[in-house]
Amino acid sequence: MQNVDAIGSGIPVYPKDNFLTNGFTLKSWLLTKDHKRIAIMYLITISLFFMAGGLYASAIRLELLTPETDLLTSATYNKVFTQHGILMIFFFLIPSIPAVLGNFLLPIMIGAKDLALPRINLLSLYIYWVGGILTVYALLQGGVDTGWTFYTPYSTTFSNSYVMAVGLGIFINGFSSILTGLNFIVTVHTMRAPGMTWFRLPLFVWAQYATSLVMILGTPVVAITVLLLAIERTVGVGIFDPAIGGDPILFQHMFWFYSHPAVYIMVLPGMGVVSELISNFSRKKIFGYEFIAFSSIAIAVFGFLVWGHHMFVSGQSMYAGLVFSFLTMVVAVPSAIKMFNWTATLYKGSISFDTPMLYGLGFMGLFLIGGLTGLFLGSIGLTVYLTDTYFVVAHFHYVMVGGQVIAYLGGLHYWWPKMTGRMYSEFWGKISAMLVFIGFNLTFFPQFILGYQGMPRRYASYPAELQVLNIFSTAGASVLAVGFIMPLVYLTHSLFFGKPAGDNPWMLPGLEWRTTSPPPTENFVTTPVVTWEAYEFGEESGLDLEGARRREQVSTVV
Amino acid sequence: MATHSDTHHEEFHYHAPGLQHQFEDMKQQEESVSIGMWMFLVQEIMFFGGLFTAYLVFRSRFPLAFAEASNHLNAFWGGLNTLVLIVSSLTMALAVYFAQKGNRNMQVIMIILTMIFGATFLGVKVIEYTDKYNTGLVPVTGWNKKTKKADAEHAAEPAKKDQAFAIPLIETRAEASEAAGDHSAPYINPKGEFQWNSGRHVFDYAIEKEKSGKPYLTAAERVGYFSNGEFDPNKYRDKIRIFYYIYFVMTGLHALHMIIGLGLMAWLLWAAYRGTFSADYFAPVEMSGLYWHFVDIVWIFLFPLLYLLGRHFLGAH
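Here the protein sequences come in this chain order: A and Y. Under the working numbering, the letters of the first sequence match residues 1 to 558, in that order. Under the working numbering, the letters of the second sequence match residues 1 to 317, in that order.
For reference, chain Y alone in the conformation it holds in the complex (with noise of 0.2 Å):
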């Protein structure tokens, strides 16, 4: 290392591209922007970890709530995102290839690439969440679509479901003014409440497993569904009400991480098209990589739990 220090060295250390003033070499500097970008990726776990906690809590105490409320997200465009992202990471893990290889136009295609895919995910998001929004299952009062009487007569067709994989149950209130046609019913919410309609499936298919007499509920459900020994719907629907707290706070998190991972790459596409990487210099390539990969990975952890979570009690029915 530079023990002694002639003036040929320091002009190469002036030269080197992207070389900071407290490192004494590239290899040095390389080292530690990656330690800490592990290092970064370490606490965002912690930070998805306590969520992750959270929802392992409750899902372990009530998990006959968390499949009655999991069956009303849409599989398809959850699936759908799934893919999206695993492509996108792909195109980030070309993206960091082409500027190992100093190769620029590629490089650029990349990164635009990947911005479009993670776009896309967002796209889908928002059209999930705005379903979420119009059907009444965003769990806070107020935030769901307000409806009125009026509104809901002069209202053109409900929104066709893809049949595929729409799931066959009624058991929020939109679920049930459409399965009795406009008329009869209409679907108001005028002041955006959270419209769960004690909706039991789940529970029934589980109590009709009690019955051949195999223990079926865990022991927090036969406390936490019943009062006085009676299923009482209200506090079933307080579980399924925390399965959606939980879902949008951790997929809100989660688009969150896209949108600055979007911005990363932002600033990757204009630093990369002006040429500044090289193969000598890719390192803030390969960073947002990571983060980009990272963000990619805590959502194949929330597809399968959110959304795939007791599908088979259909295929039961």
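Next comes chain A alone, as it looks inside the complex (with noise of 0.2 Å):
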């Protein structure tokens, strides 16, 4: 609490209440306009998307074991790892940082009251609801196989499962993911506080803006995408099946212009919550500011051009090809931007090994293993090879689950005591990090090698040469889910019992950490005047983070 008088600019007085404490009656959640509110809804349903995505990962894991088809059966499997890839990209990546510690914390970072347009933030919400309690539905009625990319005319004509009511889903829950974006970009161009400066953004807003691009630029391409399936599927006549005049590359290609972007969609916040981990917990201000900025708005943009090396041996042109292979090289360029200057604001940072810090380093590893792996990937000839093995598997779990995951549980973490005024237990929050590092890569390495060997992707058997490998797979899974249960149990646990962390537990200079925790309402007692640049550790900065850290010494040795 002694905090507040170390930090000069902090308010003044403290407010009645916070905005958990504002209003307890169930119409006060489901009608509120707080985006912190709608933040833990959202944070909420997400996570129950994770565990059933997870439950349907781990039958897939389970069915691997043996070679055999043995636990389920082929069709089942198809339905397994579709429903899988849906619930897991759809329902959980793509909302996971942007939909909640966006949605919490965007506002704070800049000095807002709120989001730009509050009953916009909540209809989206609604909005992801309603799109996933379709998806649910159809699931429950007997799920959907085609691979959560929907490929034409398999999934027009020959499917014979829930197509229709899973595209519906996700068509309304792409305006849930629009809507989010838009509100975004309106609030970090009208919103920010007095001094905010565009240079002077946490590095997480510019990640969340660089999303919000790609939001509304490619989601509504997949919804037309989607409708047109659905209609087609419907109706039997249509633009995708060949066998009536149609051209199933053309779904391809329009899957794909929103699908790939999506992948920035599903990493570039991930990004931008490291961006803040590195350089806070280094005690350093961020190496290259500007680049790390830009680099995001880059990949936005350069994300938008490479849909087609999806697409190396569907039957896409050849030149296109070249180029398209060309381009992703490209767009490799910022992220390897935004790696080597993270590397940088580490050396001679003062680091401390906080639970976050573990998963932001963890970040650095494992994206850079995916990042890489991407390249052999969008190289021309040895994609020929490598397509539809599981090595394209290992690559996106190693960008999807060990960059966006592990940046949204190290976000969850460093963010936590901000958001429920708790602190959790800092042993068994490391204890996690370390499983969930240790569990995914024994889970996808071996993956690399499997595909390297010709595993093929989406087959519920495979050659008994490849058991051990898959077995290691199998046993890193396990491991990965003990690692996910965990903060589920001592987060809740800190909820009730967790001492209370105070307005700036990690003692840093970001807006968000003066303020109370957890924040009022309206988020700052008066609306802040910004006089300093991001990561100022400085003195000037009003931060006297020395004597604090003295004092919380004192305090942990009594």
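Treat the hints with caution; some may be incorrect.
[Unchecked claim] Chain A is faced by these chain Y residues, among others (derived, beta-carbon under 10 Å): (1) Gly36; (2) Ala54; (3) Ala219.
[Said to hold, decoys possible] Covered stretches of chain Y, going by a simulated chain A footprint (3 or more residues, C-beta under 8 Å): (4) 46-52; (5) 138-145; (6) 234-243; (7) 297-304.
No lab work stands behind these hints: they were computed from the structure. Please read all numbers here as calculations on a predicted model, not as lab measurements. Where a beta carbon is used, it is the ideal one built from N, C-alpha and C, also for glycine.
Both chains are sitting in their own frames, so use the hints and assemble them into the complex.
Pasting the structure below:
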């Protein structure tokens, strides 16, 4: 509590209520316009979807424990991996960081009272719920077996599963993502506090802004694509089925035009979180702020030009393949810029290995592997051999789980004391961060080798020679599951028994740490005036870090 | 900005009409709403953009089939609708203007006029869709008018078309029966199927051109219209059906946007009638106007792409 005095520009008085205690009725939650409450509701919902997707993942790994098709039939297996993909991508990964952490923190980080369009924000949550319920209904009815990519003409003509309901669920859900992106863009443009210039924005905000651009430009395209697919499936006439004059490759183009940029929706916010973690837990101004900020924008722009690398062997023109291969190499550059800048930030930093930082460093290692193997797959010669093998599976899990999920967990731990006002157990936090890292590598690194040895994806059986590596992978998945379940337990525990975190438990200069924990409904009692640069750890920023640290050491010793 | 909050300041905030709690002042609110609306329109452009892409891909591959099919849309109705929408854009812009001036009565009148034009557009669309339904040009089996032989024999005179814009082509079964007279070959469509009757005027025109030594067909057409080197009317018909599929999806989604626009107008009308808008607070009118203009512009692109395409082939005959 004494930190508030140490932070000169913090709020002088305590508000009566924080956002959690400002109303306890169900109505006060369901009809709230408070971005923080909406974020909490998102957090709960996406956690449920994550668990559901995780159950499907467990089923996949258990089936692949043995070479034979024994636990699941092939048809069931098709549904299981499809639903794992659909739940994880559309209902967990895409909303994870933007809708939970972004929603909660973006207005606070720029010193605003709320997002610019709070009712639109609530609407996006409801749209997400409707899309989610429709999808869950379809899964309970019997599910879908097309793969999450819905390739035509299988999905329009041949698949005998609930393609329509799931497609509609994804179509509806897309608008939730569009509205969130729209809201973030408007908010960053118009709601910044006095003195919060564009180049004082935390890099998390820059990353959210870039993500929002992708959401607005990409998601409508997949919406119309899925809509066309649904119409074609219903009425039997359309533009995707070659039997009636249509073009299945056009579907792939339109699908990947969104779904490749969607990969950046799934990793850019993670990069934003990691920029925060690396700089703050090194207690050092981030190296190359402008480069990291603009590399986010560059990824958003170039991300729209590389969709064809999903289609190297699907019959697109060879010349298009060459261009897409080249552009794929180009899009790696801004990601590399970020990696180098993070590394440079760590250099001679005063690094503390708190739980969030363990996730942040884990991200750097895993994303490095995920990103570099992406270059293997982007090179047009090698990809012919690796397409549709477990090498691809391992690659995108390294980016999606090793990137976004790790960053999401890191961010959740980092801002948990701000969101709830409680501190979790650092001991268990560190254990689980390490379990996740070890379990993840044990699960997915063997899959690189499996893919290189030629094991195709999306099959329930495989040659017996490949069993050893598959056993490694399934064993790793068990460790990973434990690592994911532990935070659920100790974070929930901390809600009731955790020690009060104080306003600024990590001793950091960011604007979000200058209000109370949990923040009041209006975020700041008086509108803050920003007079410092981002990640400024000097004395002049008003943070008596050394003094605060001394006090903390004394209290730990006691 | 509000660095020190005295009570007068707060009260001023409280009384500003339509100011939401999250904003400091009206200027910030207007900017936010405006950027938000433009971002929404950006996503709308991408949404329709997917359709336009699909159109362009098939149009560039099969220009002959698309021209052939396009000649069966009624350019008179399409042109009339274009005019109606352009005028509605004018009345919409005037509604915004009068809202800014705080002129309630003119505002209400302009919104009503806009709604009338919007409804006219949809009415014309109903006429056009009905015509396609009656003549069997809806691409989906079962979604056309089902006529049995007995119905056809007792049917009244077929509707007269406006000769100035009518297309002198016999390409659908309905046209074929009309040309032959009721008694010899009545138009029947018991299952409500797509009624393209292997008409190929534009294709023949292209073949004539090819004979003069100039390549006229696209590479896709050389594959897409032929089976074993022979012209395949069924494959040609598939491409024509794709045109109608795209026509119905695009104009259908556009009409849906018009209906949403009319809903917005109804809400605006109610608010304007109650005198909600003034020179200080007119953002909802302005934003609805942006939406309305956007929907108009989509039609400005749809009309030439769908209706006017390849009408010069008629002049050549």
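Consistency of the hints with the structure:
The beta carbon of Gly36 (chain Y) is positioned within 10 Å of a beta carbon in chain A (closest approach about 5 Å), and the interface hint is therefore held. Interface hint at Ala54 (chain Y): satisfied, since its Cβ lies 6 Å from the closest Cβ of chain A, which is below the 10 Å cut-off. For Ala219 (chain Y), the interface hint is violated, the least distance from its beta-carbon to any beta-carbon of chain A being 12 Å, above 10 Å. Residues of the segment 46-52 of chain Y with a Cβ under 8 Å from some Cβ of chain A number 6, which satisfies the need for three, so the listed coverage holds.
With a cut-off of 8 Å between beta carbons, the segment 138-145 of chain Y has 4 residues touching chain A; three or more are needed, and the interface restraint holds. Counting residues of the segment 234-243 of chain Y whose beta carbon lies closer than 8 Å to any beta carbon of chain A gives 5, which meets the minimum of three for the stated coverage. Coverage of the segment 297-304 of chain Y by chain A is violated [criterion: at least 3 residues with CB-CB distance below 8 Å; count 0].
Hints 3, 7 from the list above are not met by this structure, while the remaining hints are.
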